[in-house]
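**Student:** With these hints in hand, go ahead and build the complete structure from the sequences.
There are 2 protein chains.
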Amino acid sequence: MASNKLARLVSRPVGMVKHDDFEIVEEPVREPGPGEFRVKVSHASIDPAMRGWLRDQRSYMPPVGIGEVMRAGAVGIVEASNNDAFKPGDMAVGQFGIQQYAISDGRGCYTVDPSKAPPERWIGGLGMPGMTAYFGLLEIGQPKEGETVVVSAASGAVGSIVGQLAKLRGARAVGIAGGPEKCAYVVDELGFDACVDYKAGNLYKDLRAACPNGIDVNFENVGGDIMNTILAQMNPFGRMPLCGLISQYNNTDLAPGPANFGSILVNRLNVRGFIVFDFARKYPEAARDLGQWHAEGKLKMREDVREGGVDAFVDTLNLLYSGGNFGKLVLKI
Amino acid sequence: MASNKLARLVSRPVGMVKHDDFEIVEEPVREPGPGEFRVKVSHASIDPAMRGWLRDQRSYMPPVGIGEVMRAGAVGIVEASNNDAFKPGDMAVGQFGIQQYAISDGRGCYTVDPSKAPPERWIGGLGMPGMTAYFGLLEIGQPKEGETVVVSAASGAVGSIVGQLAKLRGARAVGIAGGPEKCAYVVDELGFDACVDYKAGNLYKDLRAACPNGIDVNFENVGGDIMNTILAQMNPFGRMPLCGLISQYNNTDLAPGPANFGSILVNRLNVRGFIVFDFARKYPEAARDLGQWHAEGKLKMREDVREGGVDAFVDTLNLLYSGGNFGKLVLKI
Numbered sequence: 464m465a466s467n468k469l470a471r472l473v474s475r476p477v478g479m480v481k482h483d484d485f486e487i488v489e490e491p492v493r494e495p496g497p498g499e500f501r502v503k504v505s506h507a508s509i510d511p512a513m514r515g516w517l518r519d520q521r522s523y524m525p526p527v528g529i530g531e532v533m534r535a536g537a538v539g540i541v542e543a544s545n546n547d548a549f550k551p552g553d554m555a556v557g558q559f560g561i562q563q564y565a566i567s568d569g570r571g572c573y574t575v576d577p578s579k580a581p582p583e584r585w586i587g588g589l590g591m592p593g594m595t596a597y598f599g600l601l602e603i604g605q606p607k608e609g610e611t612v613v614v615s616a617a618s619g620a621v622g623s624i625v626g627q628l629a630k631l632r633g634a635r636a637v638g639i640a641g642g643p644e645k646c647a648y649v650v651d652e653l654g655f656d657a658c659v660d661y662k663a664g665n666l667y668k669d670l671r672a673a674c675p676n677g678i679d680v681n682f683e684n685v686g687g688d689i690m691n692t693i694l695a696q697m698n699p700f701g702r703m704p705l706c707g708l709i710s711q712y713n714n715t716d717l718a719p720g721p722a723n724f725g726s727i728l729v730n731r732l733n734v735r736g737f738i739v740f741d742f743a744r745k746y747p748e749a750a751r752d753l754g755q756w757h758a759e760g761k762l763k764m765r766e767d768v769r770e771g772g773v774d775a776f777v778d779t780l781n782l783l784y785s786g787g788n789f790g791k792l793v794l795k796i
Numbered sequence: 464m465a466s467n468k469l470a471r472l473v474s475r476p477v478g479m480v481k482h483d484d485f486e487i488v489e490e491p492v493r494e495p496g497p498g499e500f501r502v503k504v505s506h507a508s509i510d511p512a513m514r515g516w517l518r519d520q521r522s523y524m525p526p527v528g529i530g531e532v533m534r535a536g537a538v539g540i541v542e543a544s545n546n547d548a549f550k551p552g553d554m555a556v557g558q559f560g561i562q563q564y565a566i567s568d569g570r571g572c573y574t575v576d577p578s579k580a581p582p583e584r585w586i587g588g589l590g591m592p593g594m595t596a597y598f599g600l601l602e603i604g605q606p607k608e609g610e611t612v613v614v615s616a617a618s619g620a621v622g623s624i625v626g627q628l629a630k631l632r633g634a635r636a637v638g639i640a641g642g643p644e645k646c647a648y649v650v651d652e653l654g655f656d657a658c659v660d661y662k663a664g665n666l667y668k669d670l671r672a673a674c675p676n677g678i679d680v681n682f683e684n685v686g687g688d689i690m691n692t693i694l695a696q697m698n699p700f701g702r703m704p705l706c707g708l709i710s711q712y713n714n715t716d717l718a719p720g721p722a723n724f725g726s727i728l729v730n731r732l733n734v735r736g737f738i739v740f741d742f743a744r745k746y747p748e749a750a751r752d753l754g755q756w757h758a759e760g761k762l763k764m765r766e767d768v769r770e771g772g773v774d775a776f777v778d779t780l781n782l783l784y785s786g787g788n789f790g791k792l793v794l795k796i
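So the protein sequences, as listed, match chains Y and P. Those letters in the first sequence? Residues 464 to 796, per this note's numbering, in order. Those letters in the second sequence? Residues 464 to 796, per this note's numbering, in order.
In short, the hints are calculated from the structure, not lab data. Do not rely on the hints blindly, as some may be mistaken.
[Said to hold, decoys possible] Straight-line distance between alpha carbons at most 30 Å, and here's what the computed DSS-like set of lysine-lysine pairs gives: (1) P:LYS503 with P:LYS468; (2) Y:LYS763 with Y:LYS795; (3) Y:LYS630 with Y:LYS745; (4) Y:LYS745 with P:LYS607; (5) P:LYS745 with Y:LYS607; (6) Y:LYS468 with Y:LYS481.
[What the hints assert, rightly or not] Chain Y is nowhere near these chain P residues, computed Cβ spacing over 10 Å in every case: (7) GLY528; (8) ASP568; (9) ALA580; (10) ARG671; (11) PRO699; (12) ALA722; (13) PHE724; (14) ARG731; (15) ARG751; (16) GLN755; (17) GLY772.
The C-beta atom is built at its ideal place from N, Cα and C for all residues, glycine as well.
**Tutor:** Next comes the structure, spelled out in structure tokens:
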């Protein structure tokens with residue numbers, strides 16, 4: 464019988480996540496019980512939200528408990544099953560965690576068609592990150608033809624889809640990303656109208672030049688100085704889906720909020736926080752649309768698949784907070 | 464012919480508004496031209512938003528220009544008219560400014576029934592402040608039965624109506640005000656369920672005690688530390704109509720934003736800035752409802768009418784920023 468290598472939380476991180484916060488252990492694989500199946504995990508999704516799941520505070524879901532396997536969306540092949548919806552050989556997506564083998568009762572899981580996209584894409588643009596972009600932009604941002612949509616972390620899993628959906632809606636799509644390589648990718652490969660390099664040091668002016676008619680929708684992923692600069696350039700009645708504040712996630716103290724908060728009042732902005740899980744009842748609709756646009760070649764997706772398996776979890780996660788990944792970050796298990 | 468005393472802006476204030484920023488002059492009163500009428504102003508509304516109108520920056524309406532009469536909502540009696548909708552003897556409400564006599568073409572003006580309420584009330588709870596409470600709470604806040612609504616500046620023109628409307632909707636109404644006298648008024652006279660004295664120095668704990676089930680709607684009037692404290696106690700899917708940020712209006716530099724900004728994300732709050740003018744097409748509906756509830760004794764209103772006329776404008780305005788008024792602040796002209 465194979466053994467299962469897994470990453471278990473042993474202490475709550477302070478600041479950046481450290482190797483010591485997890486222990487890597489091997490346990491025997493068990494057989495699935497009644498209604499359960501076992502999946503051999505091939506890829507795990509590495510997401511900014513993970514940092515929040517490690518924090519012991521009131522949030523939209525309970526934190527990962529000390530002693531528990533690290534929570535993660537993942538994809539793999541069903542090996543053994545007592546659940547009719549998941550048959551051996553099926554490719555399945557679910558919250559399988561950072562481990563080589565998972566046992567599941569099927570809640571929150573679904574099967575996908577491996578002929579339509581590689582496994583890592585089913586936890587990226589065709590999975591939760593794609594749906595996050597879909598609901599945040601289309602339901603909350605509601606861009607109209609000719610409006611300007613700005614998205615930070617534009618080459619990332621969510622941002623890359625946001626800009627492409629904005630284009631599909633007839634809006635001007637402006638990305639913000641770090642470095643000339645990512646910016647070129649966002650414009651040349653993804654088809655955004657412009658992409659501003661925040662590392663170039665002239666964010667306010669460069670953003671103004673990229674958005675000559677102001678900003679109607681800001682899909683916010685990062686917070687901090689970038690969000691504050693955007694707030695100063697929002698148009699009246701602009702919308703701001705608040706998806707993430709990744710620049711703040713490793714802070715040990717609360718940072719000051721945006722000094723341009725008053726723009727929300729003066730410009731009558733609508734700022735709305737959301738989590739993709741809030742839209743669970745509409746997943747099938749999003750999956751259908753994203754799958755179709757992907758099949759038609761209208762949605763380009765890029766994954767940054769890292770090797771190293773379970774042992775590499777912490778190092779891979781920390782890439783997100785330094786902008787070290789390029790595309791949807793995935794850990795090969 | 465009577466002369467018209469008026470307050471004219473001569474320099475843009477830095478920090479608190481000073482006497483030197485205005486000159487008080489007397490000019491001859493002129494006769495109304497075709498389609499115009501002349502009103503003898505009896506009371507002017509003194510509002511927090513005035514500070515914003517004095518600032519030379521992009522906002523929801525152009526700033527008051529140097530050399531112009533100070534903008535103000537006001538009420539008075541029509542004296543002479545070439546406009547069929549406004550007859551001599553009518554009581555009229557409009558943006559007549561800080562002056563004894565105004566000439567108007569009727570745009571944005573309407574007549575009111577002096578038998579139903581005293582003049583100062585038509586620029587208070589039955590005027591723009593009442594409508595501000597109406598649209599902000601009912602259209603944006605959308606309190607449901609049993610939910611908890613918090614409003615800062617609770618004894619003021621807008622806040623006092625917000626809490627009473629929350630009660631009419633079956634919600635728990637919790638005010639925040641400065642000092643025991645205002646808090647007692649808010650509970651005993653206006654019928655709020657509780658009122659927290661922010662000057663007592665235990666805002667977080669006292670607010671927690673007053674809102675044992677958390678906060679579902681925060682009608683935000685003041686910003687700063689009070690808003691930040693409220694953000695930490697918002698319930699998931701809470702709504703936050705953003706009506707004012709009075710604590711920030713006299714700042715010469717941008718203050719930091721709320722450190723608890725992340726609550727908008729984690730709790731999926733909906734924060735929406737608004738200005739009463741955005742709802743202009745629904746004014747008749749609001750006026751009808753407010754007038755009826757007032758007539759039925761369901762809406763109590765209190766005005767703080769100050770003497771001194773045009774000369775007292777600056778001193779009266781500054782009462783707002785020190786919490787020196789008690790009830791809707793009105794300057795008798």
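**Student:** Give a verdict on every hint.
**Tutor:** Tested hints:
A C-alpha spacing of about 11 Å is found between P:LYS503 and P:LYS468, which places the hinted pair at or below 30 Å, so the restraint holds. This hinted pair checks out: Y:LYS763 and Y:LYS795 have alpha carbons roughly 21 Å apart, not beyond 30 Å. As the CA atoms of Y:LYS630 and Y:LYS745 are separated by approximately 22 Å, the hinted pair is consistent with the 30 Å bound. For a cut-off of 30 Å, the pair hint linking Y:LYS745 to P:LYS607 stands: about 25 Å separates their Cα positions.
Between the alpha carbons of P:LYS745 and Y:LYS607 the distance comes to roughly 25 Å, so the proposed pair stays at or under 30 Å and holds. Distance restraint check for Y:LYS468 and Y:LYS481: the Cα-Cα separation of roughly 19 Å lies within the 30 Å cut-off, and the hinted pair is therefore satisfied. The beta carbon of P:GLY528 is kept farther than 10 Å from every beta carbon of chain Y, the shortest such distance being approximately 19 Å. With a least CB separation of 26 Å from chain Y, P:ASP568 remains clear of the 10 Å interface cut-off, as annotated.
Interface exclusion of P:ALA580 from chain Y stands, the closest Cβ pair being 29 Å apart, more than 10 Å. No Cβ of chain Y approaches the Cβ of P:ARG671 within 10 Å, the least distance being about 13 Å, so the stated non-interface status holds. The claim that P:PRO699 lies off the interface is violated: its Cβ sits roughly 7 Å from the closest Cβ of chain Y, which falls inside the 10 Å cut-off. For P:ALA722, the shortest C-beta to C-beta distance to chain Y comes to about 4 Å, within the 10 Å cut-off, and the non-interface label is violated.
Not every CB of chain Y lies more than 10 Å from the CB of P:PHE724, the least distance being 4 Å, so the non-interface label is violated. Not every Cβ of chain Y is farther than 10 Å from the Cβ of P:ARG731; the closest lies at roughly 5 Å, contradicting the non-interface assignment. At roughly 24 Å from the closest C-beta of chain Y, the C-beta of P:ARG751 stays outside 10 Å, upholding its exclusion from the interface. No Cβ of chain Y approaches the Cβ of P:GLN755 within 10 Å, the least distance being about 28 Å, so the stated non-interface status holds.
With a minimum CB-CB distance of about 31 Å to chain Y, P:GLY772 clears the 10 Å threshold, and the non-interface call stands.
The earlier numbered hints that this structure contradicts are 11, 12, 13, 14.
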